[in-house]
Amino acid sequence: MITFQGVHKWFKSLHVLNDINLHVTSGEVLVVCGPSGSGKSTLIRTINQLEPIDKGTLTVDGMDLLDKKTDINKLRAEVGFVFQQFNLYPHLSVLNNIILAPTKIRKTAKRDAEEQAMALLERVGLAEKRNAYPSQLSGGQQQRVAIARALAMKPRIMLFDEPTSALDPEMIGEVLAVMKDLAVSGMTMVVVTHEMGFAREVAHRVAFMDAGTVLEEATPDEFFSRPKHERAQQFLRQLLTPMHCECP
Amino acid sequence: MLNYQFDWSTVTSGKYFDWLASGVKVTLQLSALSIVLAFILGLLIAVMRMSNNKPVRWIAHAYLEFFRNTPLLVQIFFWYFGSYKILPTAVNDWLNSTNFEFAAAVIALTIYTSAFIAEDIRSGVLSIPKEQMEAARSAGFSYLRSMQYIILPQAVRLTVPPLVNQFLNLAKNSSLAMTIGVMELTYQARQVESYTFKGFEAFTAATVVYVAISLVITALVNIYNEKVLNIHKAA
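Chains as they are written, first to last, in the UniProt record's numbering: chain E, 1 to 248; chain B, 1 to 235.
Simulated from the structure, these hints should not be mistaken for laboratory data. Hints may be right or wrong, so weigh each one.
For the chain B half of the interface with chain E, some residues (derived, Cβ under 8 Å), not all of them [to be verified]:
1. P71
2. Q132
3. S142
Yeah, the Cβ is synthetic: ideal placement off N, Cα and C, and Gly gets one too.
Based on the provided sequences and hints, a complete structural model is requested.
The structure is reproduced here in structure tokens:
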């Protein structure tokens, strides 16, 4: 479904992605973790070409991202993206946030799109908020709407870039629950997160990144109980130590 | 001391009232048409100015600098006296058979004002967080569609106050069209003054009408603002 082969990327002289080789199969949930600045957000953003790559090959859902003939808008319509800061459209109601892309890009009839949007809102537990505006919702609610908005395009892949990092602790659970439900339904997912509980419980594989490279790739069991790389051991120790503040 | 005889009836009834009324009509037509066209053209130039395509961006930039930095009166004269020199005879014949003064005034006012409107819209767009564009692009919208559905609706909202200023300026600037013979309000007021020597009354009447037009434009935009745009109060 997603294949990185020898992918490199530079920001000016900074080597942000260094020889990435990863493969995500259909229905698989890959969690990417690592310290700040390790390149994990850049990595996930290359998958829908929010960040173009400089070298290597990257294939997503059968489309070669370096091929000039690849219609990038078509690819993006098949790949849902959930941002750390939600990025809902503030001028549109919840319902209109969800139906905008289906009606304008997929040309779904408005009535059908609304029906599907309501079903999605039921699924994320926010049906009663359909006429609210983003500014009237809590962070957790906004993020659940953002997930519903991405799902409305019936994507084949869902990407999550630190979806709970901007949330108050009591709202993290509601968003993770929606993501877990999605994983169980068989969605192909790549998730950048610090939520190690989610990784342990939901991920099929965990990739640990540092300084632009994937240092370790393992099942959650292996990764959490027997991390091979010294840098990964250190990272986990820090993350799991009580009283440690994760805030940057 | 003051031996001027005020005679307001000159401008409130009869032939001269009709002249002024027809001037008001032309001013309203000229302003309304130019406002709509200037807004559309301004949007287009703003989008071009922010395009990823270098030549397109450059053309828009040159357009802005050129039309913002030359006097409107010169531009009106250019379109009216200058442009026909380089047009084919057939086109000129057709232009002369139509109301070319009016058309030249619309072209000049539209182009001049569109440059200011484009800059206002651009600063509105620049104040929209770049994450909005990212969200739109990742949903599969092209650059132009993202602008159309997500960025511009938010930017225009923020741009409303400066846009009102541009609309007001345009309505007032339309008086310059008298210099090429468009029979708008100022032209007619001048006409009334020439015939009656009632300059005070004629130009007072014109002034009152310009103030009224400006107040109506402001009120209309305020209503639009409240009813259409601010249906929800941003947090």
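Quick rundown of the hints versus the structure:
About 38 Å separates the beta-carbon of P71/B from the nearest beta-carbon of chain E, more than 8 Å, and the hint is not met. Checking Q132/B against chain E by beta carbon gives a least distance of about 6 Å; that is within 8 Å, so the hint holds. For S142/B, the suggested interface contact is upheld, since its CB lies about 5 Å from the closest CB of chain E, less than 8 Å.
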